[in-house]
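Novice: Could you fit the two chains together into a complex? Lean on the hints.
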Amino acid sequence: MTPAAPSPTMTSEKPGPPPPVVAQQTPLAPGADVPNKVEVQDLNVHFRANHAIRHVTLSVKPQTVLAVIGPSGCGKSTFIRALNRMHDLVPGARVDGKVYVDGKDLYARGIDPVLLRRRVGMIFQRPNPFPTMSIFENVAAGLTLNGIGGNHAEIVERVLRQAALWDEVKDRLKHAGTSLSGGQQQRLCIARALAVEPEVLLADEPASALDPIATAKIEELIHELKEKYTIIIVTHSMQQAARVSDNTAFFYLGELIEMGPTAQIFTNPRERRTEDYVTGKFG
Amino acid sequence: MNLHSSFTYRKVVDRGMAVVCALCFIGAFIPLISVLWLVVSNGAAGLSWAFFTELPKPVGEAGGGIGNALVGTLYMVGLACVIGLPLGVGAGVYLAEKGDGTIGSTVRFMAEVLSGVPSIVIGIVAYALVVIPMGHFSATAGAVALAILMIPTLARATEELVRLVPGSLREASLALGVPNWKTSLSVVIRTAMGGIVTACLLAVARAAGETAPLLFTALNNQYWNLNPSAPTASLTVAIYNYAISPYDDWHSKAWTASLVLLIVVGLLNIASRVLTRSRLKGAR
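Protein chains in written order, with this note's numbering: chain A, 1 to 283; chain B, 1 to 284.
So here's chain B without its partners, still in its complex pose (with noise of 0.2 Å):
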C-alpha cells in the first residue's frame, strides 16, 4: 500500500468514525427530548401558583394543587438524607481509609450486592422494619426505605472518591507534621469533598424520584402533613395516584407534577454543580 492512498483511507475512516458517533449521540439524545418534550408540553399548562400551594380538590372539582405531595416529598427526602448521608458518607470513608480487612470487604460486598436490590423489595424491607412494629404508614417508614436506598450507592461513589485522592498529598500533609486522622478529614477527604457533594446530590435526586418504597411506607395523604409519625403524600405517589386515575383533569394533574418533579430534580442537579465549583482563581 503506498502512502497516498492509505493517507485516503485513514481520512476516510476517520470521517466514518465521526459520523457513526454523531448518530449515536442523537440517537441517545432523541428520547431524553421527547421526555423532556412530553412532560413539558402536557403540563406546562397546569402549572400555576395554586398548583404549589394548595391542596388536592376532589373529582369532579375545578383547580386544587398538590402542595402537600410536594412538602411531603421534601419532608421525607430530608429525613432520609438526615439518617442516609452520614451513614453512607461515614462507610465510604471508612472503607476508603480502613477498609482492606475482611470487615472492609464485607461492608464493600454488602453495599453492592443491596444497592442491586430493586426499590420495592426495600419498600418491604421498611414496611416490615418500621410500619408493622409503629402499626401504621408514616412519613418515618418512607424515609428510612429512602435512607436504605441511598446508603449502598453513596458508600460506595464515596470510597471511591477519597481513594482518588492522590496518596501524595496525605503524603506532604504527613511530612509536616500533621496527626493521621487531621490528615484524612483536612486533606484527604477535603480534596475529595466536591465529588462527594455531587454524589450526595444525585442520592437525594434519585431519593426523590422514587415510588416504589413509598407505596406502602408513607402511603398517602390528602392533606397537609410534617407528623413524622403519619402517613405522607408525596410527589411520586400523586403521580402515580392521578396516573392511574379514569378522570382527564387527574391525567393533566399527573403531567404538571411530573413537570414539577423534574424541575426538583433539575435544580438538585444545577445545585451540585454550582456547589462543587471551586473558590479558588485559576484552580484546574
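Same shape as in the complex, but just chain A (with noise of 0.2 Å):
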C-alpha cells in the first residue's frame, strides 16, 4: 500500500501520467470548450495506513450531473467528501492532489474550508434536519447561522418551492423540521443546501434511505436544479445513476477505472471491470 505511481492497472489502460487523461474523458458535447466547474488532479486521501482514494483525476463541466458509482467500500464517499474538505475534521484523514473548483484549488494554503463550504453544498445520505428547529428555521439555518441578512422568508419560500416541497409544508413552517416524512425531510435538507446559494451541489446517496416514490420526487429534483448547478451524486443504484446523469465514473477499490458519458459507460464501456459491474456480475 504505498502511495506512489498510478498503479499498473491504470497505466496500462490510459498511458502517461494522470493529468493528460482529463482531456480524453470529457465528454465531447456541444460545450466542450466551457472551462470546467470541478477538476480533480491525482487526488489521494488516505486515513492513518489506509490509502483509500488512489490518484483519482477527472473533471466535471458546469451544469451537469456526475453520477459516481461502484461497490461498497469503493471510496465513492470519501471521494465526494474531499470535494468540500469534509475529511479536515475526521483525526488521522489526510488528502493530498488537486481539487480545483473554478480554477482555484480548494487544498492550496490560505483557503478557508468554511467560506469553501458556502460554495459546495453537501446533501447527505440520511436526512438530516436539525431536529431543534422548525421547518422554516431549517431551511433558513445556512443564513442565520453564518450572519447572512437579506428577506430570510423570501428565500425559504424560493428554495423550498426548487425544492418541490413548498405546497406540502407553507401551511406549517413553524412545526418541526422533524415531523416531516423521510423523503420531504430530504427535500428540506436539500433546500436548506439551496438557501445558501452554492454552485456545486454533492449528493452522498440521497435517495438511499427514501422509498421509490419519494426517490422519484428526488431524481425529478435533480433534474432541474442542474439548470443552475453542478452536481455530483454518489448513488449504489445503476438505474439511478442512467437515469439522471449526464457522466457517468466507475470506482473500484479506491480507484478511479473509468469515467465517460453515461450512455457509453452502460451500453460501451472500454473497462472489463466496468461491464462487469454494470451487467451485474459483482457489486
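I should point out that these hints are in silico values taken from the structure, not numbers from a laboratory. Any given hint might turn out to be false.
Listed next, the in silico DSSO-like pairs over lysine-lysine satisfying Cα-Cα at most 27 Å (straight line) [as the list claims (entries may be wrong)]:
| # | chain 1 | residue 1 | chain 2 | residue 2 |
| --- | --- | --- | --- | --- |
| 1 | A | Lys170 | B | Lys57 |
| 2 | A | Lys61 | A | Lys98 |
| 3 | B | Lys281 | A | Lys174 |
| 4 | A | Lys104 | A | Lys228 |
| 5 | B | Lys182 | A | Lys174 |
| 6 | A | Lys104 | A | Lys226 |
| 7 | A | Lys217 | B | Lys11 |
| 8 | A | Lys228 | A | Lys217 |
Specialist: Structure (C-alpha cells):
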C-alpha cells in the first residue's frame, strides 16, 4: 500500500501520468470548450495507513450531473467528501492532490474551508434536519448561523419551491423539521443546502434511505437543479445513475476505473471491470 | 417438542415474566410510597403560612417557622449554581468536543473520582479551603462545598449528552459553511440543551438535599441572613437539628421541614420537564 505512482492497471489502460487523461475522459458535448467547474488532479486520501482514494483525476463541466458508482467500500463517499473538505475534521485523515473549483485549488494554503463549503453544498445519505428547529428555521439555518441578512422569508419560499416542497409545508412552517416524512425531510435538507446559494452540489446517496416514490421526486429534482448547479451524486443504484446523470465515473477499490458519458459507460464501457459491474457480474 | 406444547410453554413463560416484573415494580414502589406517606402524614399538619415566613422560636414557645432556612437553602444553592453550573457544563462541553487527548482523559478521570467522593469529605475540603482562611463559617463556604459536589456529575452528564448528538447534524452544519465553533454552539449544544437543562436541575435538586457539606461550612443561623460571609441556615441542617433534639414540637417541625424540602425538589423536577418540552409542533 504505498502511495507511489499510478497503479499498473491504470497506466496500462490510459498511458502517461494522470493529468493528460482528463481531456480524453471529458465528454465531447457541444459545450466541450467550457472551462471545468470542478477539476480533480491526482487526488489521494489516506486514513492513517489505509490508502482509500488512489490517484483520482477527473473533471466536471458546469451544469452537468456526474454520477459516481461502484460497489460498497470502493471510496465513492470518501471521494465526494474530499470535494468540500469534510475530511478536515476526521482524525488521521490526510488528503493530497489538487481539487479545483472554478480554477481555484481547495487544498491550497490560505483557503478557508468554511467559505469553501458555502460554495460547495452537500446532501447526505440520511436526511438530517436540525431537530431543535422548525421547518422554516431549518431552511434558513445556513443564513442565520452565518449571519447572512436579507429577506429570509422570501429566500425560504424560493428554495422550498425549488426543492418541490413548498406546497406540502407552506401551512406548517413553524412545525418541527423532524415532523416531516423521510422523503420530505430529504427535500428539506436540499432546500437548506440551496439557501446558501452554492454553485456545486454534492449528494451522497441522497435517496438510499427513501421509498421509490420519494426517490422519484428527488431524481426529478436533481434533473431540474441541473439548470443552475453542477451536481456530483454518489449512488448505489445503476438505474439511478442512468436516469439522472450526464457522465458516470466508476470507482473500484479506491481507484477511478473509467469515466465517460453515462450512455457509453452503460452500453459500451472501455474497461472490463466496468462492464462486469454494470452488467451485474459483481457488486 | 410439538408446536402446540411449545406455544403453550411460551405463553406460560410470558405470563410468568410479566408477573415477576410487576412484583419487582411493586417492591420498588413500596419504599417510595412509604417515604412520601410518612413525610406527608407527619409533616402536613405543621404547614402554615407562618411556617414559611417566620423565624424559628425558642423551645417551649409555640409557633415559629423555618423561613430563614428556606431562604438560606435557596440562597446557597443559588450561589453554588453561579459557581458550579458554568464550570460543570463548560468542562463537559470541553470533554465532548476536545477531550480526546491527554488533558481530556485526565479531566474525565478526575471528574469520575470526584463524583464518587462522599459529600462529607467535600465538606471538610471546603472547610479547609474557605472556612479556615476566612476565619468563620459562611454562606460562601457552603456554596463552594455544594458547587464542588455539582461540578463532576454535571461535567460527565453534559459530556454524555453532547456526545449523543448525531455526528450527521454537525456535518450538516459544516456543509452549510458554518464555522466550527458556531456549529458546536448553535447546533450541537443547542440540540443537547434539553438534556443539559435537566442535568442542571437534577444537580441543583441534589445539592439542595445535602446536609453533610453544609454542617461545618455554612453552620446554621437563627436569623435571616443574605450576607455571603456570615453563617447561614439551611433546610437540611434545620431538619437535622430539629430531628436530633429531644422535643416533640421540634420533631414535628423536622417532619414539616422535610415536607418543604420534598416540595422544593419536586418543583425543580417538574420545572425541568416543563423547560425541556419542545416548543415545536409535531416534534418527536
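Novice: Would you list, in rising numerical order, the hints stated earlier that this structure does not obey?
Specialist: 1 and 7
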